Every structure is written in structure tokens, then in C-alpha cells.
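Colleague: Spelled out from the first residue to the last, the chains are:
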Amino acid sequence: MDSYLTRNFDRPDAKTLAGYEKLGGFRTARKALGMKPEDVVAQVKAANLRGRGGAGFPAGVKWGFLPDNGKPRYLVVNADEGEPGTFKDRQLMERDPYQLLEGILITCHAIKAKVAYIYVRGELVHAARFLEECIEEMRFKHYLGKRCMGMPMELDVFVHRGAGAYICGEETALLNSLEGKRGEPRLKPPFPAVEGAFADPTIVNNVESIANIPHILEHGGEWFAKLGVEGDGGTRIFGVSGHVRKPGLYERPVGYNLRTLLFEDCGGIRGGNQLKAVIPGGSSTPVLLPSEIDIPLSIEGLQGAGSMVGSAAIIVMDETVCTVRAMWRLSRFYHHESCGQCTPCRDGCGWIEKIMERIEFGKGVPEDLETLEKTAHGLSGTTICPLADACAMPTLGFLGKFRKEFEEHIEKKECPYGNAFVPPWEVD
Amino acid sequence: MSWKPTPQTEDKLTKLLGAYPDRKAACIPALFLAQDELGWVPDDAIAWVSEKLGMAKSMVEGVATFYTMFNMEKIGKHHLELCTNISCSLCGAEQVLEALEKELGIKAGETTPDGLFTLHEVECLATCGMGPAMQVHDRIFEGITLEKVPEIIKELKGEG
Ligand SMILES: Cc1cc2nc3c(=O)[nH]c(=O)nc-3n(C[C@H](O)[C@H](O)[C@H](O)COP(=O)(O)O)c2cc1C
Ligand code: SF4
Ligand code: FES
Chain A
1 MDSYLTRNFD
11 RPDAKTLAGY
21 EKLGGFRTAR
31 KALGMKPEDV
41 VAQVKAANLR
51 GRGGAGFPAG
61 VKWGFLPDNG
71 KPRYLVVNAD
81 EGEPGTFKDR
91 QLMERDPYQL
101 LEGILITCHA
111 IKAKVAYIYV
121 RGELVHAARF
131 LEECIEEMRF
141 KHYLGKRCMG
151 MPMELDVFVH
161 RGAGAYICGE
171 ETALLNSLEG
181 KRGEPRLKPP
191 FPAVEGAFAD
201 PTIVNNVESI
211 ANIPHILEHG
221 GEWFAKLGVE
231 GDGGTRIFGV
241 SGHVRKPGLY
251 ERPVGYNLRT
261 LLFEDCGGIR
271 GGNQLKAVIP
281 GGSSTPVLLP
291 SEIDIPLSIE
301 GLQGAGSMVG
311 SAAIIVMDET
321 VCTVRAMWRL
331 SRFYHHESCG
341 QCTPCRDGCG
351 WIEKIMERIE
361 FGKGVPEDLE
371 TLEKTAHGLS
381 GTTICPLADA
391 CAMPTLGFLG
401 KFRKEFEEHI
411 EKKECPYGNA
421 FVPPWEVD
Chain F
1001 MSWKPTPQTE
1011 DKLTKLLGAY
1021 PDRKAACIPA
1031 LFLAQDELGW
1041 VPDDAIAWVS
1051 EKLGMAKSMV
1061 EGVATFYTMF
1071 NMEKIGKHHL
1081 ELCTNISCSL
1091 CGAEQVLEAL
1101 EKELGIKAGE
1111 TTPDGLFTLH
1121 EVECLATCGM
1131 GPAMQVHDRI
1141 FEGITLEKVP
1151 EIIKELKGEG
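If you read the protein sequences in the order shown, they are chains A and F. Under our numbering, the very last position in the first sequence is 428; numbers go up by exactly one each time. Under our numbering, the very last position in the second sequence is 1160; numbers go up by exactly one each time.
If you're looking for bench data, these hints aren't it; they were derived computationally from the structure. A portion of the hints provided could be inaccurate.
Unchecked claim - Here are the computed distance ranges between Cβ atoms for each label pair:
| # | chain 1 | residue 1 | chain 2 | residue 2 | range |
| --- | --- | --- | --- | --- | --- |
| 1 | A | E21 | F | A1019 | 24 to 34 Å |
| 2 | A | K36 | F | E1073 | 53 to 63 Å |
| 3 | F | S1002 | A | R403 | 54 to 64 Å |
| 4 | F | E1151 | A | S380 | 22 to 32 Å |
| 5 | A | K246 | F | R1139 | 20 to 30 Å |
| 6 | F | A1019 | A | K36 | 23 to 33 Å |
| 7 | A | K354 | F | E1151 | 29 to 39 Å |
| 8 | F | R1139 | A | K412 | 15 to 25 Å |
What the hints assert, rightly or not - Listed below are the simulated DSS-like cross-link pairs for lysine-lysine, each with C-alpha atoms no more than 27 Å apart in a straight line:
| # | chain 1 | residue 1 | chain 2 | residue 2 |
| --- | --- | --- | --- | --- |
| 9 | A | K146 | F | K1107 |
| 10 | F | K1015 | A | K141 |
| 11 | A | K141 | F | K1012 |
| 12 | F | K1015 | A | K71 |
| 13 | A | K71 | A | K114 |
| 14 | A | K22 | A | K188 |
| 15 | F | K1012 | A | K246 |
| 16 | A | K114 | F | K1074 |
| 17 | A | K71 | F | K1057 |
| 18 | A | K114 | F | K1012 |
| 19 | F | K1102 | F | K1154 |
| 20 | F | K1024 | A | K146 |
| 21 | A | K112 | F | K1024 |
| 22 | F | K1024 | F | K1077 |
Note that this is a predicted model, so its numbers are computed, not measured. Here a beta-carbon is modelled for each residue, glycine too, at the ideal position from N, C-alpha and C.
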């Protein structure tokens, strides 16, 4: 069984509680709720489930950081999916909501939380509304409430919508936003596990991380660990966008080959064009060249290639793409989304955007490349949260691997590719 | 205060408060409730939220202005939000933006004189594999092409 997370995606019957149960749903929750919380945590630890939100922290280890201080505990599910290229969590919520909710039930039992919040990105109106309906149904059937599923466990789940700010995906910004504040990241430590939502111990996990939990408990941590590679278990939902023939979501075991995914599963490059560049893990991860994609899609595999698996969002660019334009577009995003608390980020992302724009439109000067490098280096590691690095890394990546293209723009005083990306209708 | 929320809105807010240990946490949902009724967040809405949640008006305003989904000014009846981030742009969003601007006779960020349409460029809508993507309130249009642009506008106009 190589895919389990997406197994219900084409089964509309899974979208009702009764239908989901017919397909075997909530059987595992019933079993797990009868286990000791420590034993559930032990299974998740053994599974080597690495966080699917981008940072890849082992979930079981994080759960172990909760202090035993008698304070209320919270689970906060990060459904703020906003990293450009990433589109898996929306589908997990819209196409199999009860899988996520079953995961929440089991997780809250394991970490002894009585309240869970699902922080859903404001734009995902449908997902939020649908989850609310599902939660209502679970309350009605006493799967949530004072005695969940007739077991001595109390839990309620609430959907909290964001309102349009990418930075709220960062876990401490998300917590501020949940508390009704501006979504500005907090200085760490204290980490959320110690002082999170409403200053109480809180576990923040990504939607896909939590959706994995029922499967880990159903088949055991060891099974899950074996699906992937050493230290990085399970499958991942890879979101492929851009210039492949068949973009979409592909659930594959951790360690799956990137070239195989693009050239076999996704049908290769549109119009038989040549591949030029691949962003392997969401917009903030360093770009790869075609010669660098014969690698396993795992945390270590991508580290080895000088990039990151991040949110497993793979953005593919064919030979028609101007990499300067691509980087300009990304820098616009990061500049727009900087929360403005740290000067290097607020100003630095702005400078990078300005320089990128100037180069793309033929107004760049040779010194710009050095300024870009300096600015990007100045951003790294000097700020409250990693958004600044998320802008710096792709900048240095594109500049390092496509320097010739940057220089060409400056020399010719114009973009050699025309001032737009080539749309699909001009290719196929 | 000239604007008063409907009793239903008041009820919804009361229900919301039960979800949080601290009523201030209901700030974003409360602002949404006001905006759902009014289409935007005028001073009256800020005042209502501040009174209900026991927060200073400046705090509520600070929150409202932080998040892009709160309209601090009146906007058109149909709010077109086209994603022009990387995956969508690679698949034609730049050309779709131009076509929308031409069809509506406005630039991104503007509202048509008849008050029907406001057009905005937005960041990734988590639909990257099916782009170009555009959100219009709670609807999402995927795989937009140049031909689809006038059709979408016509359809929305037909809804009044
Ligand atoms: C700028 C920024 C944006 C982020 N956006 C998201 C996001 O949209 N979804 C998400 O799950 N994690 C996001 N993260 C990662 C979270 O901070 C956090 O690591 C994650 O939610 C933990 O869950 P996991 O361990 O299950 O991955 C973001 C981090 C940063 C720095
Ligand atoms: S690095 Fe940027 S986004 Fe993060 S806290 Fe600082 S200013 Fe805000
Ligand atoms: S880039 Fe447009 S939806 Fe993600």
C-alpha cells in the first residue's frame, strides 16, 4: 500500500460521517482512545513522522516537549496553507475532512488536550465551512463533547479562520492571530509546546501531519517508518505545478525519485519542451537544475542537493521561462508578506524586489548582482522568524545557478525572453 | 454609532465567544461578521467589535489593517481576486490579468464606475496545480484562459 492519505479523494461518500465510517473510519480512533496516551505517542515516535508544514520536525519528539504543569493544553492544526506552489492541505480538508478530524481526536488523546483549533487560511472559505459542518455532526453523534465516542475523554474542536496574511503560517504568528492579535511572529523561546496559545502548552502541527496519525495508529509506527527512508517515514503528498503535462497531487513514499515523478508520473514537460528549473519544496526552497533532479524526495535527499523538501510543492519551469522574472515574482511575494517587525526583513525583501524588477526591465547595472548577494546574506539568520531566509534562499539559488541570465538582462538592457511567461495556450 | 448589526450577527458573535478562553480571540471572526453584513469594515464596525470584546478601538483597527481580507474601503459588488503568484503566472495569469483589465476597463486595485467589480491581484490561493486561479467571494475559478474571461464576467453580471 503506497498511498493511504489520498485513498478517499475520489470517494464522495467519504465526505459524510456515516460514509467515512463505512469505509473503515473511526475504527482506529476507537482503538487509540482505549490506549494509554504514552503508548500513542510512542507509536508516533517510532513512525518517524516528520512535520509536513515545511520545517520537518519529528512530530512524536515535539509532542514529548509538553511540560507536565497541570495547565490546559491545546492542539492547533496549521491549515494556513499559503506557501506558493502548495495545494495539498486544502484538498485534504475538502476531500476527506473526517480523516483529519479522526487524526485530531487521536492526537488530542495522546497529548491530553481538551480543545483543538483548526486555523484555516481565510481564503479557504469552503474548507472552513465544510469542516464546521463535519464538527457539528461529530458533536451531534457525541464523537466530540464531554465523553468522546463513549470514552472518558473530553474534546471540542473549533475552526478559526485567518484573514489573509501569509506570515500567519509561521506557528507563533499563527498563535497571535488565533488570540485575536496582529499576526506577528514571536521570539522563541519560549516554544509553543511550553507557552503557546493563550500562554498555555500548545502543539502546532500541519494538516497533513495530523491526517497521518490514524494510519500510524492503525498499522503501527514501524509500518509507517518502513514506508519511507531512515528517519523520515510515510508518504508525502507532492503538489506538482507549472510546466509538466499533468500537474496535480501525487502521494508517493518519502524517498521517491524526483525525476521519475516529473517525467513518468507527471508525463514530462509540456509540449515536449526542455526542462529548465525545478523548485522542489515550495517557493522558499533553492532551485534545482535538470542535472540535479535524480534524487530521492526526502528531507536528507534534498539537503544533499542543496535544497529542501519543505512543503513538498514542486514548481516546474520549462525552457521558455525567464528565471529573472520568476525570482522577481517571488521577491514581490516575500516583500508583500513581511510583517515588518525586523528591519533586515522589511527593508531587505524590499530591496531585493526593487533590484529584481530593475534587472527584469532592463534597468539593472552590473553592481546589482553583488548588492543582491550582500542583501540576501544580510537577511539570513538575523530576524525573528525565517521569512527573511525564505526570501534570501531562492534569491541566492537563482542568482547562483542562472547568473548568466541575470548578466544578459543587464548587458542587453532588456529581458531576452519578452516581458511575460509563455502561457499554456501558446505551447500545447 | 449609526450602524447596528442584525440580531443574527449578534447571536453569531455570542456563540463564537464560547470557543475561546479569552474574548479578544474573537476579534478576527467578529470583524468577518461585520464585513459579511456590510461588505467592508467601516469605523462603526470597529467600534462594535471593540465594545463587544473589550478591546481598545486602536487595537481592533490594528488587527483589521494587518489582514488583507478586511476591506477598509468600500469595494465593488463582485470582488475578483486573481492569483498572479508563481505557479499561476507560469500558466498564463499575467495574460489573464491583462484580459480582465481590458474587459472591465480598470486596472488591478480599482473598482468599475458602476460599483459592480473590484479587481485585485492576490498571492497564492492554494490551487497551484489548477491555475490560473481566481477567487470571487466564496467561489473559485480554476484553469482560466483568455476565452473564459468574458464568460466569467458575463456570468457574474447575470447574477446582478
Ligand atoms: C513564513 C512561514 C510560513 C509558514 N507557513 C506554514 C503553513 O502555511 N502551513 C504549515 O503547516 N506550516 C507553515 N510553516 C511552518 C510552521 O511554522 C510550523 O513549523 C508547522 O506548522 C509545524 O507543523 P509540522 O511540524 O506538522 O510541520 C511556516 C513557517 C514559516 C517560517
Ligand atoms: S523576519 Fe520578517 S516576517 Fe519574520 S518577524 Fe521579522 S519582519 Fe516579520
Ligand atoms: S500560485 Fe496561484 S494558486 Fe498557488
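Colleague: Run every hint past the structure and note whether it holds.
Modeller: Okay, the hints, checked on the actual structure:
1. Distance hint for A/E21 and F/A1019: a CB-CB separation of about 26 Å, consistent with the stated range 24 to 34 Å.
2. Under the hint 53 to 63 Å, the C-beta atoms of A/K36 and F/E1073, about 56 Å apart, fit the expected range.
3. For the hinted restraint 54 to 64 Å between F/S1002 and A/R403, the CB-CB distance of approximately 60 Å keeps it satisfied.
4. A beta carbon spacing of about 46 Å between F/E1151 and A/S380 contradicts the range 22 to 32 Å that was offered as a hint.
5. Checked against the hint of 20 to 30 Å, the C-beta distance between A/K246 and F/R1139 comes to roughly 25 Å, which is consistent with it.
6. For the pair F/A1019 and A/K36, the beta carbons lie near 29 Å from each other, so the given range of 23 to 33 Å is met.
7. For the pair A/K354 and F/E1151, the supplied restraint of 29 to 39 Å holds, since their beta-carbon distance comes to about 38 Å.
8. Hint check: F/R1139 to A/K412, Cβ distance near 43 Å, so the stated range 15 to 25 Å is violated.
9. Taking the CA atoms of A/K146 and F/K1107, the gap is near 54 Å; set against the 27 Å cutoff, the hint is violated.
10. As the CA atoms of F/K1015 and A/K141 are separated by approximately 20 Å, the hinted pair is consistent with the 27 Å bound.
11. Restraint check for A/K141 and F/K1012: the C-alpha separation of about 23 Å stays at or below 27 Å, so the hint holds.
12. Only pairs whose Cα atoms come within 27 Å are accepted, and F/K1015 paired with A/K71 is accepted, the gap being roughly 25 Å.
13. Proximity of A/K71 to A/K114 is assessed by CA-CA distance (about 11 Å); at most 27 Å being required, the pair is judged to hold.
14. Annotation: proposed proximity of A/K22 to A/K188 is violated, straight-line Cα distance about 44 Å (limit 27 Å).
15. Of the pairs offered as hints, the one joining F/K1012 and A/K246 is violated, with about 43 Å between alpha carbons and a cut-off of 27 Å exceeded.
16. A C-alpha spacing of about 41 Å is found between A/K114 and F/K1074, which places the hinted pair above 27 Å, so the restraint is violated.
17. Proposed proximity of A/K71 and F/K1057 is contradicted: the alpha carbons are some 31 Å apart, above 27 Å.
18. Annotation: proposed proximity of A/K114 to F/K1012 holds, straight-line Cα distance about 23 Å (limit 27 Å).
19. At roughly 14 Å between alpha-carbon atoms, F/K1102 and F/K1154 fall within 27 Å of each other, so this suggested pair holds.
20. The straight-line distance between the Cα atoms of F/K1024 and A/K146 is roughly 25 Å, inside the 27 Å bound, and the hint therefore holds.
21. A hinted pair counts as satisfied when its Cα atoms are at most 27 Å apart, and A/K112 with F/K1024 qualifies at roughly 25 Å.
22. Proposed proximity of F/K1024 and F/K1077 is contradicted: the alpha carbons are some 30 Å apart, above 27 Å.
Violation of the numbered hints given earlier is confined to hints 4, 8, 9, 14, 15, 16, 17, 22; the remaining hints are satisfied by the structure.
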